Structures are given as C-alpha cells and as structure tokens.
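Asker: One letter stands for each residue in the lines below.
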Amino acid sequence: MPENPENAEKASNAAIIYLVSKAKDGNAQAFSQLYDFYFDKIFKFIFYRVSHKETAEDLCEDVFVKAWTKIRNVGDDSFGGWLYSIAKNRIIDHYRQNKSTVDISEVENILEAEENIIENANLQFDQKILLDAVRKLPPEQQIVIQLKFIEGLENSEIAELIAKKEGAIRVLQHRAIQNLQKLYGEKNLPEKIFKSANAEH
Amino acid sequence: MPNIEELIDKAIKQSLLGEDISALLSLCPPQKRAEVVFAVQTALKLASIKAKEVPIPTKRKLYADYEPATIMPTRILAFFKSMRVSYAVMAAVAFIAVAGTVQAAMNSLPGSKLFFIKRNIELAQIRLTSNPEKRAEMQLTFALNTVNGAKQAVLQNDSAQAQAALSEASNQTEAALNNVKSIASSEAVKNPAIISNAEQLANESSNLVAKTDPSARQSIQNNMQEIKNIVSAAVNEQDSAKIQSAKIDVSGKIKTTGENTISIDSNVFEITSDTKITDANGNAINLSDLHADQAITLTGHTEDDKNIAESITVLPEEKPAAENPESNDANQQDGTPKASQNNQNAQQAPIPAKPNDTFGGFIPEPAVGF
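Chains as they are written, first to last, in the working numbering: chain A, 1 to 201; chain B, 1001 to 1370.
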C-alpha cells in the first residue's frame, strides 16, 4: 500500500519535534540527526546568497553552532524556520563585516536573491514569461513565491523567516497567484486542463 | 469546508508531491475550480524552473565542540532522576544548598567573596521599607555592622580584603549619612535617636578610615556636621513656631465659669494665681465676680495643649448699634483662640456695635469714641 504523503509529512514533523525536544535536553545525538536533516537545506539557502562554497560552509557551521548553544530558546515545532532565521541574520552579519566590498543597502534585501538562484540559460520560453510576471509582483509576494517554489521551503519556515503567521503566508501565496493570473494570463494555460477540471465536476 | 487559501495551498502541496487533486477539487465551489487549477499549474511551472547547481558541502559538525549554554542544570536533573530521587528531595537539597550559602553570606565579612550576597539582601530590605525614618535607621544599622565587620577584616592578614572592606565601610557610611541628611530637617527632629546613631557611625567610621583614607574621614565628618546644622536649624524653627502659636488673644461672652476655669464658646481657659482679672474700669476683681454672658477680652498662651489665661478684662456693657455686615468676621464667629490671634489687628479697628446674635456669641471691640 503506497504511503500517504500527508501522513509521511506528519510523521516527519513529529520526528523533528521529538529530536528537537531531546536536543533541548542536551542530547548531542539528536542534534546530530537534526544537523544531517537540515544541513543541505541551510547550506543551499546560504550558498544562493553568498555564491561561494567555502564561505557558505563557514556560515552554515556558524548557524548550527549558534543553534546548538541556544537550542533551549526555540519552540519544538518551529525549529526549521528558526534555523533559516539564524542563517539570514548570519548572512547579513557576513555582509556587514565585509561592507567595504558590498553595498550595505542591498544586505537588507537578502531574501531577494533570485538572480543567484535561477539557471537563466536553460529557461524555456513560457518559464521566462512567468518569471517576468513574478518580477512584477509586490516584494513580499515575490519572496513567498521564490522561497516556496524555487527554493522549496515549507510555509512554516517562510513564516518564521519573514516574521509572519502561516495563515498570512497562505494569503500572500493566494494573492500572488491571483496577480500572476492577471499578469501571466489564462491564455498561457493549456486549455485541456480547464476542460478536464470542468468536465469532472 | 476549508477556505480558498487553504484549499489552494493543499492542492499545490499535493500536486508538487505528484498526488491527484480531484478529491480536493470536489470540495471546491465550481466557480473557484478554475482558480485552483490555475494555481496548481502555476506552482508546477514555477517548481519546474531549474535552480542553479549547488556544490556538495563538507560537513564539519563544528557544533560538537560546543555545549548548549543551559546544559548543566539538565544534567544535574538527569543525575537526580537516574538516582530515582523524587522532586521533593531534589527541591529540599536545592533549598539546603541555597539556604547554606545565604547563611554563610550573612556571616561574611566585608571584602569577602560572599559579602555581595549579604549586601544585596540588605539593599533589598532597604528598598522594601517605605517609611523614610525606618529606612534611615536600617541603613545606619547596616552601615555600622559593615564598619564593625571591616574592623575584623582589617585584623585578618589579607591586605586585599582589608582594602575592600575599608572601601565598603566608607561607601556605606557616606550613603547612610547622605540619607539621614535628606530627612534631617523633618524626620530626624522627631526621632533624635537617628542623629545619635548617625553620630556614632560617623565617629566609628572616620576612626576606621583615618589612617588609610584621610579624605574619606574628612568627608564623613563634614557630612555629620551638615546633618547637625540642618537639625539645629529645624529645631529652632519648630521652637519659634511653638512660641508663636502659644499666644492667645480672644474676645467673647463667658459661657460658663468653674472653680479655676472659664469657657468662651467651646474653649476652656484655665485661671491661675498669675491671671489678672480687671473690670471695665481697670479695677482688679476675682474669678468669682465673673458670670455667664459677661463680655470679656482674654489674653494668654497655650501650654501642654491647655489654654492658660494671663489677663481677663471685663468689657463695658454693650449698647444697641446699627448693623455692619463688614465686621462679620469669620475668625470672630469661630471663637477659637488661634483664629482670633490672626485677626488681632482687625479687632482693634473701630467696629460699630451690632446685635450679639449676628456674631455667634462674640461681640466686637467697642468702637473708638462710641
């Protein structure tokens, strides 16, 4: 019997909550499992924003050192988002420390790093049109679309990262899609999808 | 039914996992289905955009060299748990440990490591006392204890501790004397014990620091002298106020006479052997010659909350006169000695006579030439 993805997600969340609670009691093995689970995600998030492997590795280690020493401050169910927040702050600190080579005004927009993330060379024509439409969205909606669909973050992680509630993220996502519908247009959708959707119901 | 945002979110999540969303669409109102489908299609298209390759990182697990900041209490707790000790026993052990430390701190000498605990407890006690007099007394007591403790600390051959103890004693003395100074004009006058305690502290403390810190000694002595000056000024002011308030000068009708007293309205005046009583012509008469409803002027003073009459003069019998509303003075109506005293000059001014009733038992001084 195939595993229900929703149940698998719930089980995975429960496992993380359990590991976080053990790590908060000082269990290094539990934290080690959390490290293995999150390291690649955090590394990717940092790498997209510093574009340098060794620097990203250093910053990523800093994030986990800080997480380990401050783990008692985090709620059991918001660990992932908390890690991303630490990473964001660490990246900002990194740019501030190197402000002689970086425009400091750009540091605050650290989440909008789209040009470092997308492989523009291989974009299909309609993907380019869609991305152009995304670039016309209000900044918050752009960030939600980018973090969720291109970088693969969970709603809870985005919520923690931009200091909003999960419900607000769903609303932002909905509004972004509504705006994309206006900008990108229904004409770009394959007609058969509408037909099948309307025929079924 | 979930709202449209939740529905779209769920549909996107399922479609990104490769799941069928038809069941979800059936929950959706028909007019919203196209929107959900568009959202799913857009999400899939966005997710299909290829992100840049990320190099494979090297995991160093640097965190392993660190310890969570609060790991120690957890380990202690785990140790007690492993010993199968109940929380009550753990709490008792913790209480004994804390109580033991506090007790040791309370016996510590100034300049020692635990003294700061004692000092903080003392400061908390001072802060919790709202009465300024009690606060000053408390501060003086603590400062005196510290000075005595510093004397003991000096005898122990530890120059660092002795130095710290002397400094602590000097600081506390300054703080306590400054506090006494701030209340000296009011509270200290009521409680002379505060001044004598302050003086004792100043003497002991200045003797203690005389050799090591002559400037501190001078400062302590100056502070004490200032306190004495303030108190002395406050006492003089109070005495002068007492003398002023002691004067009585009242006019009115006698209400009752007693063996050694007469009363005007509700005020009772004592007649002593020194009291001079004269009639309207200036002839000396006795107390027994006075009777109720007789108009008199009385001068005297207050002593131990008693009104002592010094001289009583019987006024000539009144004659009918025209009404004069301007002379209807509230102080005269009141009939209290203090009120009359304030209006002494006004009473001496010529006032036309008027019916007694309008003066509430008092009659005005006879008008000049009337």
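Think of the hints as simulated: they come from the structure by calculation, not from any bench. The model shown is predicted, which means the values in this text are computed figures rather than measured ones. For each residue, glycine too, the CB sits at the ideal point set by N, CA and C. Treat each hint with caution, since some may be false.
To be verified - Which bits of chain A does chain B cover? Going by a derived footprint, with three or more residues having C-beta under 8 Å, they are:
1. 26 to 34
2. 37 to 51
3. 76 to 88
4. 92 to 98
5. 138 to 151
Claimed, not checked - Derived CB-CB ranges, DEER-like:
6. B:S1022 - A:S51: 22 to 32 Å
7. B:K1061 - A:K164: 52 to 62 Å
8. B:K1061 - A:K182: 25 to 35 Å
9. A:K164 - B:A1099: 33 to 43 Å
Asker: Decide, hint by hint, whether the structure agrees.
Answerer: Now for the hints, and whether the structure bears them out:
By the rule of at least three residues with a Cβ nearer than 8 Å to a Cβ of chain B, the coverage given for the segment 26 to 34 of chain A holds, with 4 such residues. Coverage of the segment 37 to 51 of chain A by chain B holds in this model, with 6 residues showing a Cβ closer than 8 Å to a Cβ of that chain against a need of three. With 0 residues carrying a beta carbon less than 8 Å from a beta carbon of chain B, the segment 76 to 88 of chain A misses the three-residue requirement, and the given coverage is violated. Given a C-beta distance limit of less than 8 Å, the hint that chain B covers the segment 92 to 98 of chain A is violated, as 0 residues qualify and 3 are needed.
Remark: the segment 138 to 151 of chain A is confirmed as covered by chain B, as 4 of its residues place a Cβ nearer than 8 Å to a Cβ of that chain, reaching the required three. Distance hint for S1022 of chain B and S51 of chain A: a CB-CB separation of about 42 Å, inconsistent with the stated range 22 to 32 Å. Separated by about 32 Å at the C-beta atoms, K1061 of chain B and K164 of chain A break the suggested range of 52 to 62 Å. With their beta carbons about 48 Å apart, K1061 of chain B and K182 of chain A fall outside the hinted range of 25 to 35 Å.
A C-beta distance of roughly 48 Å is found between K164 of chain A and A1099 of chain B, which places it outside the suggested range of 33 to 43 Å.
In this structure, the earlier hints numbered 3, 4, 6, 7, 8 and 9 are contradicted, and the remaining ones agree with it.
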